[in-house]
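Each residue of the sequence shown is one higher than the one before, starting from 1 at the first, in full-length UniProt numbering.
No wet-lab data here; the hints were simulated from the structure.
The C-beta atom is built at its ideal place from N, Cα and C for all residues, glycine as well.
A few of these clues could be false.
Here are the simulated BS3-like pairs of lysine-lysine, each with C-alpha atoms no more than 25 Å apart in a straight line [to be verified]:
1. Lys2 <-> Lys471
2. Lys355 <-> Lys411
3. Lys373 <-> Lys93
4. Lys197 <-> Lys497
5. Lys184 <-> Lys112
6. Lys355 <-> Lys340
7. Lys387 <-> Lys411
8. Lys112 <-> Lys373
9. Lys373 <-> Lys419
10. Lys93 <-> Lys112
Per label pair, the in silico range of CB-to-CB distance [said to hold, decoys possible]:
11. Asp157 <-> Arg275: 24 to 32 Å
12. Gly361 <-> Glu284: 19 to 27 Å
13. Glu496 <-> Ala311: 52 to 60 Å
14. Pro219 <-> Leu461: 17 to 25 Å
15. Ser468 <-> Ala311: 33 to 41 Å
16. Ser82 <-> Ser11: 17 to 25 Å
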Amino acid sequence: MKGLMVWGTTSDAGKSYIVTGLCRALYNRGINVAPFKGQNMSNNSYVTATGHEIGRSQGLQAEAANVVPTVDMNPVLLKPRSDRKSEVIVRGKSLGSPDAARYRSDFFTIAKQAVADSLQTLSANYDVVLMEGAGSPAEVNLMDKDLANLETAAIADVPALLAGNIERGGVFASITGTLQLLPKHYRDRVQGVIVNKFRGDPALFKSGITWLEQHTGIPVQGVLPAMDIRIEQEDSLSFSTLHTKAETSSALDVAVIAMPYVSNYTDVEPFLAERDVAVRIVREANQFGCPDAVILPGTRSTIHDYHHLAAAGLTEKIIEHYQQGRFLVGICGGFQMLGKQLIDAHGADTGVAGKTAEGMGIFPLYTTFETSKQTNQWQGRFFDESKTMAVSGFEIHSGLAHIDDKGSEWKPLFYSEEKQPEGMMSRDASTIGTYIHHLFHNDSFRHWWLNQLRQSQGKQLQALVPYSANKEKRLNELADALEEHLNIDNLITMMEKR
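Please build the complete structure, drawing on both the sequences and the hints.
Encoded structure:
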């Protein structure tokens, strides 16, 4: 197999970023490339055209490579739902939510075979497979069954790069320490080192390159500068630092509510490109302030996270915000929390059959969690008094919604292509709830909603910001930066020699 794997010394070392940039760089060189992550742990997922869940990073990397995302690009997806348990999704099929010990004893062989099968499929259909590791490959307590890093590289029999984040400090220790902890047969796979997020004059790091090469015997393939090229990230560390400062003094203040098992927070990513929108994360009641709009994102554990928000005093703040007539958005699990009641009849959400919780009571919505999950891409339309627009996104939820609307306060937010109503919106458009992820990735809808918000705050209306076109521009900028600072010719030669 012709391919390359990118390992990192830590989480947030830049693995996803580097693989995404390499996918676009190789595509720009005319190479048919597929991204791959054997085992991903993330509540940020993407739904393929066939209705399979994969990690959001692999969906974005496929976009960078200009190929259709498939389940083979991330055959094993683990979605944390508590401190000890994760939902195990193998080739798009949920196998339950075991704890870590049971996963390693009962599911590892199945998962490993899925990785091997998917690699074989990709190898037969693409010139190159670019593989992303997870966390660190040198976790000694997990090394015997490290499917995300060591096992994948061994199955594919490809060389690896090791990336370290110098911005966090300790890059020399993390690189050399990682290499020393790896068994020799895995260490021998490492054919290059990448120093990521370097700030300052690169000439001042020449002695660092010399030291690394002398002490590891491995060439430094590049020193990547800290780059202000934002692309969607799925790592929880990325969510913890998600914020923007608007470029204007009259900025819209958009508060995104944080939860322990937040999912698909990339739903708010397009707002980061808006010059007059400031996005901030709110975890506690004393951080709430008086935002112009509140967005309650999805979650993998709705009832658990609802109780967490209530204990933090945030449900009370959100209800007050709604009662003041300010803008409020609930997406997927956030939509469910804003309803009347959450019913876990079969234990699908909490693991405890019969558990219930009262919601915030804003929407006349009753949610019953089912053991089956709805995962599909979605297309439909939004109808305003003055315009209609196409909207697309995807659904990932196990909740079955019952709407008990006996009044005229609410109307459907969207209509599907099959003319079925979806979501809810107040008559004044200030409050919306939906199961559709990436609704704000639709430029026309986001532009409409933001101008409604601007108008409500007496602020100047703005022109549409083309998010998709800007994302393409950023992907090409990232590829150009990697072409400049990485020896990609060497990497291609490295893949061909293996």
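We went through each hint and held it up to the structure:
1. Lys2 <-> Lys471: It is violated: about 28 Å lies between the C-alpha atoms, which goes past 25 Å.
2. Lys355 <-> Lys411: violated (30 Å)
3. Lys373 <-> Lys93: Holds, at about 10 Å.
4. Lys197 <-> Lys497: violated (29 Å)
5. Lys184 <-> Lys112: Given that 25 Å is the threshold and the Cα spacing comes to 22 Å, the pair holds.
6. Lys355 <-> Lys340: Given pair Lys355, Lys340 holds - Cα atoms ~15 Å apart, limit 25 Å.
7. Lys387 <-> Lys411: holds (16 Å)
8. Lys112 <-> Lys373: holds (24 Å)
9. Lys373 <-> Lys419: Distance of about 22 Å is within 25 Å: holds.
10. Lys93 <-> Lys112: OK: Lys93 and Lys112 at ~15 Å, within 25 Å.
11. Asp157 <-> Arg275: 24 to 32 Å: Cβ of Asp157 to Cβ of Arg275: about 48 Å, so the range 24 to 32 Å is violated.
12. Gly361 <-> Glu284: 19 to 27 Å: holds (22 Å)
13. Glu496 <-> Ala311: 52 to 60 Å: Since Glu496 and Ala311 have Cβ atoms about 56 Å apart, the given range 52 to 60 Å holds.
14. Pro219 <-> Leu461: 17 to 25 Å: violated (54 Å)
15. Ser468 <-> Ala311: 33 to 41 Å: Given about 39 Å between the Cβ atoms, the range holds.
16. Ser82 <-> Ser11: 17 to 25 Å: Holds: the Cβ-Cβ distance is about 20 Å, inside 17 to 25 Å.
The structure fails to meet hints 1, 2, 4, 11, 14 from the earlier list, while all remaining hints are met.
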